[in-house]
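Put together the whole structure using the sequences plus the hints.
Top line first, the protein sequences correspond to chains V and H.
For what it's worth, the working numbering labels the leading residue of the first sequence as 127, then goes sequentially.
For what it's worth, the working numbering labels the leading residue of the second sequence as 127, then goes sequentially.
Check before you lean on any hint, since a few could be wrong.
[Unchecked claim] Residues from chain H that face chain V, not an exhaustive set, calculated with beta carbons under 8 Å:
1) Q146
2) S150
3) L153
4) Q173
5) S225
6) M226
7) I228
8) T234
9) L236
10) C246
11) T248
To be clear, the hints were calculated from the coordinates, so they are not data collected in a lab.
Glycine is no exception: its CB is placed at the ideal position from the N, C-alpha and C atoms.
2 protein chains.
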Amino acid sequence: MTKNSAPTQKISFKQLERAQCGDSISLNVCLASLKYNSDGLIPAIAQQHDSGEVLMMAWMNQAAIEETLRTGQVCYWSRSRQDYWRKGEKSGNWQTLKSMKIDCDGDTLLLSVDQQGPACHTARRHCFYLVVDNNKVAINDAPMVDPDSLYK
Amino acid sequence: MTKNSAPTQKISFKQLERAQCGDSISLNVCLASLKYNSDGLIPAIAQQHDSGEVLMMAWMNQAAIEETLRTGQVCYWSRSRQDYWRKGEKSGNWQTLKSMKIDCDGDTLLLSVDQQGPACHTARRHCFYLVVDNNKVAINDAPMVDPDSLYK
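What follows is the structure, encoded as structure tokens:
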């Protein structure tokens, strides 16, 4: 916020489409301009930085984004608990931020992360363990550890 | 639908958490059980099958999912146009489905795809071309072709 608490300026993501590689805008202006949904949330995809594996998708509000950037530990907003969800706080399986990207129309985030242990609450490495196989959907991955041991 | 048009049975994704690798359920039951939002939509992440690059995130309804599986060409639901969005129909830059995965709580899809040319309407390969860099957000990628040539 500026000293006189004026609302943060906003931009249209449309304006950035023809910007040149290397051009930049203020982080505060960009975060204020994101297209949060009616609950004030934006989807964030977490991708393991070295393997490229897509681990999970969850939701953030602006404060969760700011905390994630400030601390370097990924913090989501839990829609089921209606509270901040500091990934790893209970399980010890932290998700460390490597970089954050924003998409062309400002309505999705892509987080490059270093995930310690399982990203999924089922103790699987990632959440996408159900795979469509013709007229069936099959379980495609096994837990890394006993799921009962995750949240003691 | 069954012959007497009974509603398709649904499952809770919670039930699948302890299923064994290789176990499966019916595709129809699974698609009917997905957690579509209040607009009947579910987010779908598209990842390039060989490079692992996350190309874009868009939304599907159940009919778009079924069409995508039937044709092997990715079909989203355009929230801005309120219509089916057959990726590549106007630009020629088709997105061919390699596999479809569903996450642990049935509210996100992960599509492994083969994207021809740019996935982004700005003519960039992917949509995540804005990268957070300290207190700035920088343009990180250039268009692959002249964006004006995409939708002739």
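How the hints compare with the structure:
{"no.": "1", "hint": "Q146", "in the structure": "holds (7 Å)"}
{"no.": "2", "hint": "S150", "in the structure": "holds (4 Å)"}
{"no.": "3", "hint": "L153", "in the structure": "holds (5 Å)"}
{"no.": "4", "hint": "Q173", "in the structure": "holds (6 Å)"}
{"no.": "5", "hint": "S225", "in the structure": "holds (6 Å)"}
{"no.": "6", "hint": "M226", "in the structure": "holds (4 Å)"}
{"no.": "7", "hint": "I228", "in the structure": "holds (4 Å)"}
{"no.": "8", "hint": "T234", "in the structure": "holds (4 Å)"}
{"no.": "9", "hint": "L236", "in the structure": "holds (4 Å)"}
{"no.": "10", "hint": "C246", "in the structure": "holds (5 Å)"}
{"no.": "11", "hint": "T248", "in the structure": "holds (5 Å)"}
The structure fails none of the hints (numbered hints given earlier).
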